[in-house]
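Could you put together the complete structure from these sequences and hints?
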Amino acid sequence: MSAVFKLSRRRFLELSAGAAAGLALGVGRPGRAGAAGTTSFAPSAFLSIDETGAVTVWVTKSEMGQGVRTSLPMLVAEELEADWSRVRIEPALAEARYGSMGTGGSRSIRSLFLPLRQVGAAAREMLVAAAAARWGVDAGTCRAERGAVLHGPSGRRLGYGELVTQAAKLPVPKDPALKSPKEFRLIGKRVPRLDTPDKIDGRAVFGIDVRVPGMLHAVVARAPAYGARVAGFDADRARAVPGVRGIHQVPSGVAVVADSTWAAMQGREALRVTWDAGPNAALDDGAIGRLYEERSRAPEGVARKEGEGAKALERAARRLEAVYQVPFLAHATMEPMNCTAHVRGDGAEIWAPTQAPQWAQEEVAKALGLKPEAVKVHTTLLGGGFGRRSRYDFPVEAALVSKAAGAPVQVLWTREDDMRHDFYRPASLHRLAAGLDGKGHLLAWTHRVVAPSISRQLFGKASRSGDRPDVVEGAWDLPYVAPAIEVDYAVPDVGVPVGWWRSVYSTQTAFANECFLDEIATAAKKDPYALRRELLPGNSRLRGALELAASRAGWGKPLARGRGRGIACHSPFGSHVAEVAEISVEAGRVRVHRVVCAIDCGQVVNPDTVEAQVEGAMVYGLSAALRGEISIERGLAKQGNFDDYEPLRMSEMPAVEVHIVPSSADPGGVGEPGTPPIAPAVANAVFAATGKRIRRLPLAGKLA
Amino acid sequence: MASFTLRVNGEERKVEAAPETPLLWVLRDALGLTGTKYGCGIAQCGACTVLLDHEAVRSCQTPVKDAAGHAIVTIEGLSADGSHAVQRAWAVEDVPQCGYCQSGQIMAAVALLARKPHPTDADVDAAMSGILCRCGTYNRIRRAIRRAAQGGRP
Numbered sequence: 010m011s012a013v014f015k016l017s018r019r020r021f022l023e024l025s026a027g028a029a030a031g032l033a034l035g036v037g038r039p040g041r042a043g044a045a046g047t048t049s050f051a052p053s054a055f056l057s058i059d060e061t062g063a064v065t066v067w068v069t070k071s072e073m074g075q076g077v078r079t080s081l082p083m084l085v086a087e088e089l090e091a092d093w094s095r096v097r098i099e100p101a102l103a104e105a106r107y108g109s110m111g112t113g114g115s116r117s118i119r120s121l122f123l124p125l126r127q128v129g130a131a132a133r134e135m136l137v138a139a140a141a142a143r144w145g146v147d148a149g150t151c152r153a154e155r156g157a158v159l160h161g162p163s164g165r166r167l168g169y170g171e172l173v174t175q176a177a178k179l180p181v182p183k184d185p186a187l188k189s190p191k192e193f194r195l196i197g198k199r200v201p202r203l204d205t206p207d208k209i210d211g212r213a214v215f216g217i218d219v220r221v222p223g224m225l226h227a228v229v230a231r232a233p234a235y236g237a238r239v240a241g242f243d244a245d246r247a248r249a250v251p252g253v254r255g256i257h258q259v260p261s262g263v264a265v266v267a268d269s270t271w272a273a274m275q276g277r278e279a280l281r282v283t284w285d286a287g288p289n290a291a292l293d294d295g296a297i298g299r300l301y302e303e304r305s306r307a308p309e310g311v312a313r314k315e316g317e318g319a320k321a322l323e324r325a326a327r328r329l330e331a332v333y334q335v336p337f338l339a340h341a342t343m344e345p346m347n348c349t350a351h352v353r354g355d356g357a358e359i360w361a362p363t364q365a366p367q368w369a370q371e372e373v374a375k376a377l378g379l380k381p382e383a384v385k386v387h388t389t390l391l392g393g394g395f396g397r398r399s400r401y402d403f404p405v406e407a408a409l410v411s412k413a414a415g416a417p418v419q420v421l422w423t424r425e426d427d428m429r430h431d432f433y434r435p436a437s438l439h440r441l442a443a444g445l446d447g448k449g450h451l452l453a454w455t456h457r458v459v460a461p462s463i464s465r466q467l468f469g470k471a472s473r474s475g476d477r478p479d480v481v482e483g484a485w486d487l488p489y490v491a492p493a494i495e496v497d498y499a500v501p502d503v504g505v506p507v508g509w510w511r512s513v514y515s516t517q518t519a520f521a522n523e524c525f526l527d528e529i530a531t532a533a534k535k536d537p538y539a540l541r542r543e544l545l546p547g548n549s550r551l552r553g554a555l556e557l558a559a560s561r562a563g564w565g566k567p568l569a570r571g572r573g574r575g576i577a578c579h580s581p582f583g584s585h586v587a588e589v590a591e592i593s594v595e596a597g598r599v600r601v602h603r604v605v606c607a608i609d610c611g612q613v614v615n616p617d618t619v620e621a622q623v624e625g626a627m628v629y630g631l632s633a634a635l636r637g638e639i640s641i642e643r644g645l646a647k648q649g650n651f652d653d654y655e656p657l658r659m660s661e662m663p664a665v666e667v668h669i670v671p672s673s674a675d676p677g678g679v680g681e682p683g684t685p686p687i688a689p690a691v692a693n694a695v696f697a698a699t700g701k702r703i704r705r706l707p708l709a710g711k712l713a
Numbered sequence: 071m072a073s074f075t076l077r078v079n080g081e082e083r084k085v086e087a088a089p090e091t092p093l094l095w096v097l098r099d100a101l102g103l104t105g106t107k108y109g110c111g112i113a114q115c116g117a118c119t120v121l122l123d124h125e126a127v128r129s130c131q132t133p134v135k136d137a138a139g140h141a142i143v144t145i146e147g148l149s150a151d152g153s154h155a156v157q158r159a160w161a162v163e164d165v166p167q168c169g170y171c172q173s174g175q176i177m178a179a180v181a182l183l184a185r186k187p188h189p190t191d192a193d194v195d196a197a198m199s200g201i202l203c204r205c206g207t208y209n210r211i212r213r214a215i216r217r218a219a220q221g222g223r224p
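Heads up: the sequence lines are chains L and V, in that order. Residue numbers for the first sequence follow this note's numbering, so the first one is 10 and each next one is one higher. Residue numbers for the second sequence follow this note's numbering, so the first one is 71 and each next one is one higher.
Here are the simulated lysine to aspartate or glutamate pairs, DMTMM-like style, with alpha carbons at most 25 Å apart:
1) V:K135 with V:E81
2) V:K135 with L:E278
3) L:K711 with L:E638
4) V:K186 with L:E661
5) V:K135 with L:D268
6) V:K84 with L:D268
7) L:K535 with L:E330
Simulated from the structure, these hints should not be mistaken for laboratory data.
Okay, structure coming up:
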């Protein structure tokens with residue numbers, strides 16, 4: 010649990026960099042890091058109120074569209090009883106004492122729901138105490154409301170700005186009283202986003218929009234295969250391009266530094282690089298497919314075994330088997346990777362659209378031989394993240410280019426760079442089997458996941474906690490009840506870089522689970538929705554979400570000719586989601602007409618954002634399900650731009666409804682959970698409409 | 071390199087650039103108008119959409135030499151204070167998520183409504199399907215366009 014402590018004035022001044030501030034609070038974990046303001050591992054955020062009553066909340070999480078620059082200050086303001094119109098935000102600089110600033114795993118609200126409320130509540134109690142002391146009355150007769158303290162009996166009122174000097178001298182309450190949910194004024198309300206005005210008039214500053222005095226622009230000639238290294242280069246023609254200022258070899262390739270982005274691009278065109286091909290030069294989809302197939306024959310380990318496990322299949326009256334496969338996927342954020350760095354002799358400054366500012370800080374420091382404190386990292390707005398921007402490759406590269414150029418440099422990745430040098434959603438293969446009794450009851454379920462491990466590529470171990478590897482996420486925790494369950498895995502090492510992609514392994518495993526469950530329903534001659542209800546525990550929140558989605562979608566009601574409905578559900582990141590898709594197949598192409606989503610994500614902070622996120626997460630998954638595929642040729646992604654990796658366009662957008670299950674449970678994740686159910690919901694709908702069971706994504710080209 | 075005089079957001083701006091330089095990079099790197107975004111460089115995503123004589127064009131495919139002499143409007147020039155009808159509709163619907171594609175979306179919507187003040191759904195599809203959004207804001211965009219067309223009413 011977090012407690013609140015007071016920042017020393019010195020630390021605060023360092024942080025606020027000249028902001029006129031009277032009161033500053035932070036959250037930390039008691040018993041760690043002795044001194045206030047230096048706590049390393051606690052979730053943390055900061056609040057200041059100035060003499061005018063203006064409230065500043067430092068946002069420690071990266072804003073990539075999920076609304077944290079609105080929802081996190083809402084948490085503080087709720088308990089502070091702030092006047093919302095006087096609340097502004099500042100993005101926090103990367104510092105260890107904030108605790109983890111990493112923005113991923115749908116964790117921002119989950120991890121900060123209590124700590125940020127405690128910050129607001131402690132400040133409110135101090136302001137009330139300061140007012141009571143000023144008036145010489147009992148604090149119990151005072152209350153805070155909309156940025157002021159009121160004394161009930163006398164009707165006196167003092168604005169927060171008038172109280173900050175006195176409040177700052179008071180001890181910080183360790184255990185401030187929090188509101189009960191029914192007292193919430195902001196939490197649970199449709200609060201307009203604070204970042205919208207800047208995003209509709211061109212003022213919003215994304216990484217690519219950073220402008221630093223004297224800044225040069227660079228692009229990097231990148232490897233033609235994963236693992237290839239520069240053998241040599243001829244820069245004469247590149248140097249002759251007007252505006253080109255320097256050519257520098259860096260670990261990722263050869264950087265062309267110029268006065269403008271266009272000149273850098275032209276310089277790169279003129280550059281001749283020769284490469285040592287490296288270990289993956291011959292790698293392609295065929296080789297990867299054979300490796301997966303071979304590895305799928307025997308497991309490396311078992312993630313879950315219940316009852317007799319796979320042995321129970323032997324006694325089943327009826328046995329079903331299927332293999333499901335999904336491809337590598339690129340993140341394709343609308344803003345391609347980029348980073349601006351200014352490396353000087355004794356330190357560096359980085360402006361990065363990053364989901365992991367502290368990790369970037371550490372790795373940049375390591376690459377430059379500096380202490381992390383000597384690297385100042387500014388987190389800009391992110392033009393999409395989806396997990397790609399949790400990696401530190403682009404900040405480290407920019408730092409090395411700046412160092413070589415001896416100037417501030419913005420390194421821009423072209424779309425092709427971004428798409429061909431991503432950390433891809435791991436391609437996977439799933440062997441599933443089910444045993445049914447004579448009456449069609451499910452007796453046994455087995456699932457073998459074959460996929461490369463993100464964790465192993467990054468940290469050397471597929472399981473960081475020592476129990477099960479990352480690849481079985483969403484498979485080992487199958488929500489359905491069966492007398493025998495066995496989930497095992499094999500983890501092939503492929504030369505393709507893999508990474509976290511919105512929902513990590515749940516997009517693969519939900520596709521396998523939920524389509525195979527539909528196959529079981531067909532075999533047992535049961536309705537797919539009814540079978541799910543039957544196999545989910547009666548009190549399960551997932552079943553609640555499933556029932557809500559089915560009822561709002563009109564499950565079971567007749568459909569127009571040629572249309573089919575499919576349903577799927579999953580419980581990733583502490584939330585429970587079900588989706589119903591309605592589709593038709595026209596000239597071999599799947600057209601999605603309507604998607605109904607239901608989510609139980611516990612206590613909701615901003616329902617408007619939750620709806621937007623669930624809809625957006627669904628669309629992200631729908632693009633992938635319909636035609637998302639990164640194929641590997643000669644050791645590199647074949648697709649390079651939106652002409653051959655084409656996300657959903659407006660003309661293809663279905664009608665979408667998002668329904669939120671009312672709940673006062675602890676907040677669940679919101680950014681990712683909408684993604685996993687859509688591919689199986691659509692594939693199940695395709696089966697309902699056409700009788701064709703598609704077991705390999707994407708759907709494009711499978712229905713001709 | 072050559073010298074060009076551009077009429078951007080009602081002002082004359084002189085720039086030095088190679089004649090084939092895409093207008094996108096002149097706007098962003100030479101004129102500091104960073105509201106117009108780079109997304110693909112091959113006219114597939116529409117993040118770079120600006121108005122050229124009231125028509126929506128892809129600035130990544132418009133050489134600066136062809137833009138000279140025409141009236142260029144970027145997101146920064148739409149209004150002084152975010153009060154253009156389309157911007158207001160975008161704010162009411164709280165359209166943006168990450169926001170990166172929204173300059174292009176808004177400029178395409180402005181061009182559409184200038185040409186067709188009351189567009190049908192098919193008109194909206196035709197005008198807007200060239201502008202990609204990875205956050206999935208399409209349905210809010212459609213609502214905002216409808217709202218703007220109806221004088222701010224939903």
